[in-house]
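Visitor: Sequence:
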Amino acid sequence: MSSFVQHYGYLALFLLAIAESALIPIPSEVTFGFAGALTTAAVTGHAQLSIVGVIVVGVIGSLVGSVIAYEVGRSLGRAIVDRYGKWILLTHHDLDVAERWFDRYGGVSVLVGRVLPVVRTVISLPAGVAEMRRGRFAVLTVIGSAIWIGLLTGLGHAAGSSWTRVSHDAHLLQTPTIIVIVIALAWGFVLRVRSVRRHSTPAPARGRHARR
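Quick note on numbering: this note's numbering labels position 71 of the sequence shown as 166, and the sequence is numbered without any gaps.
Heads up, some of the hints might be wrong.
Claimed, not checked - The following label-pair restraints were derived from C-beta to C-beta distances:
1) Ile278 <-> Val234: 21 to 29 Å
2) Leu171 <-> Val151: 13 to 21 Å
3) Ala174 <-> Val151: 31 to 39 Å
4) Asp191 <-> Pro122: 13 to 21 Å
5) Ala281 <-> Ala253: 35 to 43 Å
6) Pro122 <-> Val159: 35 to 43 Å
7) Ile278 <-> Gly202: 30 to 38 Å
8) Ile242 <-> Ile119: 15 to 23 Å
9) Arg228 <-> Ile155: 14 to 22 Å
10) Leu110 <-> Leu250: 16 to 24 Å
11) Asp198 <-> Pro120: 25 to 33 Å
12) Ala174 <-> Val217: 16 to 24 Å
13) Leu171 <-> Arg199: 18 to 26 Å
It should be emphasised that the hints constitute simulated quantities derived from the structure, not laboratory data.
Glycine included, C-beta positions come from ideal geometry on N, C-alpha and C.
Starting from the given sequences, assemble the full structure and let the hints guide the process.
Guide: Structure (structure tokens):
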């Protein structure tokens, strides 16, 4: 990924930002941290990118990817649940809960979600399912993305020549982090299966109709 960014610069940043915001789990920490390092002369002997350019391109790419995920959720959310709900562990109850949540906390969810690892990758889909207003969604996405990408770019710029060492130290943490994530996902999977079964099982008939 780092070599892709180094060779293709802003185009690579744009494509990676789109992919990450369109539900593809690409670590923006690496993408924009390294891009920030490339705004100094420490990595290649000269500054390949500018801080403003990295942030602007990253924000635009994030907005494009987020809109794609949003529109998929808005147009296909319930249809997907109708056809594939039991396979992807989603029920209409889940969609109803998401809609109620976004009715009350949608703005905060999108804004804060854009600056949280992992959450930022998937937050656009439920926003679309809940039919959050497009204009509001776009504005909050731009603000949140600018904060996140600006922070990562700034950290990469500050690291400069130390980026290789910082990346190595982060790599050492990947194994225990992956283990924790796998355990959490396994437990979450068990809970989701239970929830889907509970909300997919029709309630038993009662009263006069039950005796027929």
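Visitor: Confirm or reject each hint.
Guide: Verification of the supplied hints:
Taking 21 to 29 Å as the suggested C-beta distance range, the pair Ile278 and Val234 does not conform, at roughly 37 Å. Separated by about 31 Å at the C-beta atoms, Leu171 and Val151 break the suggested range of 13 to 21 Å. Between Ala174 and Val151 the beta carbons are some 36 Å apart, a value that agrees with the proposed interval 31 to 39 Å. Take Asp191 and Pro122: their Cβ atoms lie about 32 Å apart, and the range 13 to 21 Å is violated.
Distance hint for Ala281 and Ala253: a CB-CB separation of about 37 Å, consistent with the stated range 35 to 43 Å. Checked against the hint of 35 to 43 Å, the C-beta distance between Pro122 and Val159 comes to roughly 19 Å, which is inconsistent with it. Ile278 and Gly202 have their C-beta atoms about 32 Å apart, which keeps the hinted 30 to 38 Å range intact. Remark: the range hint 15 to 23 Å for Ile242 to Ile119 is upheld by a beta-carbon distance near 21 Å.
Restraint check, Arg228 to Ile155: a C-beta distance of roughly 21 Å satisfies the suggested window 14 to 22 Å. Between Leu110 and Leu250 the CB atoms are about 22 Å apart, so this pair conforms to the stated range of 16 to 24 Å. Range check, Asp198 to Pro120: about 28 Å between beta-carbon atoms, so the 25 to 33 Å window is met. At about 19 Å, the CB distance of Ala174 to Val217 agrees with the hint of 16 to 24 Å.
Leu171 and Arg199 have their C-beta atoms about 24 Å apart, which keeps the hinted 18 to 26 Å range intact.
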